[in-house]
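These protein sequence lines map, in sequence, to chains C and H.
In this text, residue positions in the first sequence follow numbering that gives the first Met the number 0: the first is 0, and each later residue adds one.
In this text, residue positions in the second sequence follow numbering that gives the first Met the number 0: the first is 0, and each later residue adds one.
Check the hints yourself; a few may be wrong.
List time: in silico DSS-like cross-link candidates among lysine-lysine, alpha-carbon distance up to 30 angstroms [unchecked claim]:
hint, chain 1, residue 1, chain 2, residue 2
1, H, 48, H, 78
2, H, 48, C, 103
3, C, 90, H, 48
4, C, 101, H, 88
Hints were generated in silico from the structure; no laboratory data involved.
Just so we're clear, the structure is a prediction, and the values are computed from it rather than from any experiment.
So you can see what is in the structure, the chains are spelled out below.
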Amino acid sequence: MKRGLNLFLIICSQFIMIFYGLAQTSGSKNISITLPTVVLLDVEPAGTISMSFTAPTEAGLPLTNPTPNTTKWLNYTSAVTTGGSRTISAKVSELIPGVDIKLKASAASGAGGGTRGTPGAEIILTTSSTVFISGVGGAFTGTGANNGHQLTISLVPNNYANLMSQTNKQIQITYTISGT
Amino acid sequence: MKKVENTVSALLLVMLVCIGSQSKSWCQSLTVSGSNWTVPLTYITEAGKDYVNSQESATNQILLSGSGTAFLWIDGTVKISAHYTADPKWNNNLLIAVKRTGNGTLNSGTTISGNTNYINILNGSDLELFTVHNGCGFCTYTFSNTPMQLQLSGISVTVPSDAYSAKIVFTISY
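Isolated chain C, as found in the complex:
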C-alpha cells in the first residue's frame, strides 16, 4: 500500500516537472568577429588622359572643345559604423586660365553592393575640394573599368579673354573620400 502511494507521488511529481518544463541539458561556445571601418578609393584604369582644343580653321569661329573623356571609373570600398556616411570630392592641382575643367559622375553600376553614393550635378573643378558624390555608406563597387562610378571629364572655355596657348599642360585631379 505504502509502495503504491510512493509510486503515485513519483508519477505526480514527474508530471509536474513536465509541465514546468525543466531545462534540457545544454552548453555553449562563443563566436566573435570584429569588422573595422574601411575606406579605400581608386581611379581605374591607371594612366593619364589627354584632351586638346582644336583651333578654328576660319576667322571668327570659336575653338572646338575636346570630346569629354569617359574612360575613368571610380572604385571604392567603404565600411562605416551604424549611421555613418561618406562623401567623395575632387580638386585640380591648378587652374587653366580661360578654361573650365568639369566633372560629372554617373550612378554606380557594374559589380558591387551596399549603399553606394549618389552623384550630384556636374561640378567645375577648382583647387579646393568639391563634393560630387554623397551618401556613401557600407559599400563596395567592384574593381577596374566598368565598375563603380563612370567619370565624365570635360574642358570648355569660360572666358576667351583669358585663353592662352598651352602645350602639354599637365593637371592633376585628386579624389578624396571622407567622413566616418
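Following the hints, position chain H against chain C.
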C-alpha cells in the same frame, strides 16, 4: 522474488524520472568543449573589393559529448539541437552554420546521423542538427568528442563596422 520485484521497481522509477523530467542527470547529458572561435578577417587591399564572404573554423572547433538512456519500449534516440543568441551584439546578416565533421567515440551499438553538411542555425530558435541512437533494451549510451565545425558567412563591408559576438547554444533532448 522480492529481489526481482525491487529491480523492476527501480527500473520503473528510472524510466519515470527520465521520461518525466528530461533531467540533466543520468537520463541525458551534454558537455560542450573545444574553444570559442574568433573569426579571422582577410583585410581588403584593393578599392572596390569586399571581404571574403565566409570563413570556416577548424574542423574540431567544438567537441560535443553526451549520453542518453534507452528503455525497453522507448526508442533510445537523443537529438542535438542548436541556436545562437547575441552576446551582447550580433548582426543577423552574419550567418552561422555548423556541421558535424566526425562521429567522435561511440559506445557499443550507438549510431550517430545527420548534420554532415552545414546547417544555418537560427537566432533564439533551436534547430535539430543530428541524432544519436541506440536500440538497446535498457542502457545508457554515450558519444564523446564529436567534432563540430563552424562557418560564418555574410561577412561584408555592408555590415556596419562593430565588434560582434554570439553564443552558440547546443542542447540535447529526447
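Hints and how they fare:
1. 48/H - 78/H: 42 angstroms, violated
2. 48/H - 103/C: 23 angstroms, holds
3. 90/C - 48/H: 25 angstroms, holds
4. 101/C - 88/H: The hint is violated at about 46 angstroms.
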